[in-house]
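Engineer: This is what each chain is made of:
There are 2 protein chains.
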Amino acid sequence: MIEAVIWKNDHLDLLDQTLLPEQTIYLVLTTSEQSFEAIRNLRVRGAPAIGITAAYGLFLGMNHSMASTREEFLAELDQMIEYLSSARPTAVNLFWALDEMKKSVTAMGSTDVDTLKSVLLVRAKAIHKDDRQRCQDIGDHGKSLVPNSAGILTHCNAGALATGGIGTALGVIYKAHSENKDIMVYADETRPILQGARLTAWELNQAGVPVELICDSMSGTLMQQKKIDLVIVGADRIAADGSVANKIGTYNVAVLAAHHNIPFYVAAPLSTFDMNLDSGDSIPIEIRDSDEIRNFAGKAIIALPEIDCWNPAFDVTPPELITGIITEKGVIKPPYKQNIRLKMESAN
Amino acid sequence: MIEAVIWKNDHLDLLDQTLLPEQTIYLVLTTSEQSFEAIRNLRVRGAPAIGITAAYGLFLGMNHSMASTREEFLAELDQMIEYLSSARPTAVNLFWALDEMKKSVTAMGSTDVDTLKSVLLVRAKAIHKDDRQRCQDIGDHGKSLVPNSAGILTHCNAGALATGGIGTALGVIYKAHSENKDIMVYADETRPILQGARLTAWELNQAGVPVELICDSMSGTLMQQKKIDLVIVGADRIAADGSVANKIGTYNVAVLAAHHNIPFYVAAPLSTFDMNLDSGDSIPIEIRDSDEIRNFAGKAIIALPEIDCWNPAFDVTPPELITGIITEKGVIKPPYKQNIRLKMESAN
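For the record, the sequence lines run as chains A and B. Residue 520 is where the first sequence starts when you use our numbering, and the numbers rise one by one after that. Residue 520 is where the second sequence starts when you use our numbering, and the numbers rise one by one after that.
Certain hints may be false.
You can't tell identical chains apart in this list, so a pair holds if it fits in one copy or across any two.
[Unchecked claim] Result set (DSS-like, lysine-lysine): computed pairs, CA atoms no more than 30 Å apart in a straight line: (1) K746 to K621; (2) K745 to K852; (3) K852 to K818; (4) K746 to K856.
If you're looking for bench data, these hints aren't it; they were derived computationally from the structure. Computed from a predicted structure; not experimentally measured.
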């Protein structure tokens, strides 16, 4: 299976997802600035993959540190964490991964700067490896929710390209497919960045999973025609009440699924939950540049510069539209407030 | 206001809408084949404008006729109507306009072929002129449904570019705007052909109506944020029970509007009603080429040729999701079956 992020001894090989599906090119990242740029400009995307890239990016940055004392090193670390945190605002895994990285240093009593640098690399590799396992576990917990001969709708890309493993939403699909469930996946193209067309359809096709690409506007008609048995999507941040921030368009799909009485599942690791947020209202939603809508990938002008656009990168789906949240520790069902808290407590 | 179709003595000047918004180029049509090609390849689109173009196209074709008798002429006319009818399958105005053209000839007792040719041109011009008036009347009947300071969502293009006048859905919007109602229009970009981005946003902006462009996947979030007070769309065909076939994505918007208790209006002339169809199930839905999805705006490859796509050009919105149908003879409200029949009878 394709890998979005590969650690190579002293640098990161990062698949430039903005060039897919036409070109499969890995960038060589050796600095935190390159990592920041790759996250900001969507060369890497997907909440878990952003977290992994930020973790390695933090190591790459701190590995160049000239600090001679622990104090100097920690001060630089805080600055660099703040810098990398500002790459994108919505996916909480970014902050979670950077926080885990910091904890690994503060927990390490050593005053030797080289030791502190080493622990950062060890922790980044562990975040990466753990994510691979979490994807497997999410897939195993979710696969029984997929009936035989199911039509499955997914939005955006929550696959191998979005994680350190086989994906979250697509992890469930890969696991169901490997059990010969004869599934058919419908991929929303996911405007404006078209992750569904460029990434999900490409990734599933490469992996031999039957997939059909549709425009985002066609999902309701597919449901009306009874071709969809369940929806599975990923998540960028989940509030304590079960509100899910995910790629813009997810909310439309959730409302349509509810209207057609189709189960709507979210698949995400526990690192996606932000227990500091009581509800979805407080999740910060990134508003991106109008040119992403007006001018696809710099190639096709569909609206002139004088046309105003509104381009939120994410939306928030309220818990009442969600059938279940598939995590590496099992499926969380309503009532979410209570069951999310229990799951998070038992995982700590 | 921009005109999509202009008759010029002996030919049709037709705005090539596939080149908008970057280029405003009128094609010179002098044959039925050119008219067929323009309809088939979406150089002209929008149910009323398709009907008008087909009517002129039929005249242009028959004007070249070498028939010397009425019988020969009528036989050729039938062939050419069949030919032009096959340009696109869903918009009923195409068949309606060609049928009106035929009636004008059969009602004309003359055996003089030149006279029969003349009556075709007279009828085509009348279809065009009547459509201009119908747009005005639809606008006048609909404008009172638009509250002051309303946020209005529209999908695809049902404006001047889709008709012989100021449009159907946009006709209502232009009339409301001319009464200083301080409206804001949100235009769904309308994948795959992007009529909302390329045509509606452009047309409204040219006319000085405030408009903001969004991707189709963002409509639910706008509603969630209470920015939409009503939805108005056009129609390609309406069955006797009030089921509305319109541009793919209309059904998604209708379900989302119902979920948020937002009024959902359809604006269309009575020529859009197909009383031969009891329900929406029998409306033929055109399935178009996968490349319209895979190759964004003909310029950017977003999926490789091996990726299967499903590309229905229209969807069907059931009557229970429709608040009212705005026609040139007033607004039709539920129960649709009964009220559509009454409206059609009183109009005949």
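Engineer: Each of the hints needs a verdict: does it hold here or not?
Structural biologist: The hints, checked one at a time:
1. K746 to K621: neither (47 Å within a copy, 41 Å between copies)
2. K745 to K852: both (25 Å within a copy, 29 Å between copies)
3. K852 to K818: neither (43 Å within a copy, 44 Å between copies)
4. K746 to K856: Between copies only: 29 Å across, 32 Å inside.
Checked against the numbered hints above, the structure breaks hints 1, 3 and satisfies the rest.
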